[in-house]
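Visitor: Put chain B on the given structure of chain A with help from the hints.
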Amino acid sequence: MKKSTKIILIASSIIGLSAIVYYFYESQRVKKLNEKVTTLEEALKRIEELKNK
Amino acid sequence: MAYSKAVENRTKEFIGKFGSGIANSIADTGLFFPAVIAQSAFESGYGDRIPKDSNNFGGIKYNPNLQGVSGYVDSVTTEVVKGREVRRVERFAKFKDVESGFKAHVEVLMKDRYKNARLNAKSPEEQIKMIVQAGYSTTPPDVYLNKMRGIIEAARDISQLGRITTKKAEATTIDSSKNFFLSPFNAMFKSEPTFKQTKLTIPLKND
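For the protein sequence lines, the chains are A and B, in the order given. Letter 3 of the first sequence, counting from 1, is numbered 2 in numbering that gives the first Met the number 0, and no numbers are missing. Letter 145 of the second sequence, counting from 1, is numbered 144 in numbering that gives the first Met the number 0, and no numbers are missing.
For the record, the hints were derived by calculation from the structure and aren't laboratory data. As the structure is a prediction and not an experimental result, all values here were calculated from the model. All C-beta atoms, glycine included, are put in the ideal place defined by N, C-alpha and C. Be careful, since some hints might not be right.
Calculated pairs, DSSO-like style, for lysine-lysine (alpha carbon to alpha carbon, straight line, at most 27 Å) [said to hold, decoys possible]:
1. B:K128 - A:K31
2. B:K60 - A:K31
3. B:K166 - B:K102
4. A:K50 - B:K11
Computed, partial: chain A to chain B, Cβ under 7 Å [stated by the list, open to error]:
5. N33
6. K35
7. V36
8. T37
9. T38
10. L39
11. A42
12. L43
13. I46
14. L49
15. K50
Derived list of chain B stretches under chain A, where covered just means 3 residues or more per stretch with a C-beta under 8 Å from a C-beta of chain A [stated by the list, open to error]:
16. 7-20
17. 116-130
18. 159-171
Excised from the complex, chain B in its bound form:
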């Protein structure tokens, strides 16, 4: 556990406020719940730092073709240009409500260039790096990940969620027969029970 009590509390509050909307938006996409929570919380400063009335939790640049866009706001942001941080004004999308903002964030991540990250990442950390490598941000992948690593860890510990599916057959089930060896340590190290992984076949919403 490498995050502070403040990160834990703010992440818990963020999940309480926006977790349901995010869970609904990412079901069957292959996106990790802690990854989307961390990215949304980080990009928006836990919802405190988003451009005024924009409902834009993912730092999404303006594109009139995005669903739920009601306009744009110009806001100062930090971009990495040729390895140097540059402060400049960028045009960000404005969404009609919070739900639309999250849906648009997920819609961006549903683009084909993020398909590999969505389906093949083994952890939220790896998924964030792969998303950035695919062109999500101008910040180098490791730097971007390190900025939100604590939030990912807190979100994972608090929510105990990974990927989310609408199909019961794809959900992991507890396999108690394999839990014998780990059981004395579960209580000591807050271990989850052993899960039997059924093959995950995530249908792509944009395919």
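Bound conformation, chain A alone:
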């Protein structure tokens, strides 16, 4: 196998693996946010903070 082919294969594998890892953790982050239940008090505080940003 040519050296350049090897490099392309390794690079593709790294990109593919990174994409899978990113997709996994992104879906975990979204899942946790969806499961989150916040008190009204905290929610209003958070919205107030956003207004001032």
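Guide: Same frame as chain A, but now just chain B:
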């Protein structure tokens, strides 16, 4: 993250303006904050496209029995009839103020036919689809959801809010003991800490 900077900015502005009113209206209902933000923002064009002086952020049709209704306005809208988009004049409710408009929007979603969507949806996206399936809009559920998917995602990322409760015991608490594995990735992927879910028992306001 599949939304543009413009959607992010407009959603942030919308949450800043109307987020408190919406949070107050949806507490203990089972409705997701990003779902109601997205629906209100989408239906009203971020508040720019609502029928004049109507304070109607949910595209709510006129019904004299709705709370806070002060009259009606006739406005051109797009409806889906037998799979085809049709432009026609519809009668929309007019509310005395912004708060009443949001309350009425939530009141519509408190109807029994949306109970399953309110209590059993696992995400704002699923909730929107279930609400449409229950008869909220004439637009097919997937089409309706796709129109506001970006706003839902932006609202979730910006607000970091899901459901809202007035009871401290029902709120999720951070469980740091389960956070060990994810912690190196939290900073990299903006992950939230691991939450310990307490059983959510939402009392229904209209039950």
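Visitor: State for each hint whether it applies.
Guide: Against the structure, the hints come out as follows:
no. : hint            : verdict
1   : B:K128 - A:K31  : 20 Å, holds
2   : B:K60 - A:K31   : 35 Å, violated
3   : B:K166 - B:K102 : 20 Å, holds
4   : A:K50 - B:K11   : 8 Å, holds
5   : N33             : 4 Å, holds
6   : K35             : 4 Å, holds
7   : V36             : 5 Å, holds
8   : T37             : 5 Å, holds
9   : T38             : 5 Å, holds
10  : L39             : 5 Å, holds
11  : A42             : 5 Å, holds
12  : L43             : 6 Å, holds
13  : I46             : 4 Å, holds
14  : L49             : 6 Å, holds
15  : K50             : 4 Å, holds
16  : 7-20            : holds (count 5)
17  : 116-130         : holds (count 3)
18  : 159-171         : holds (count 12)
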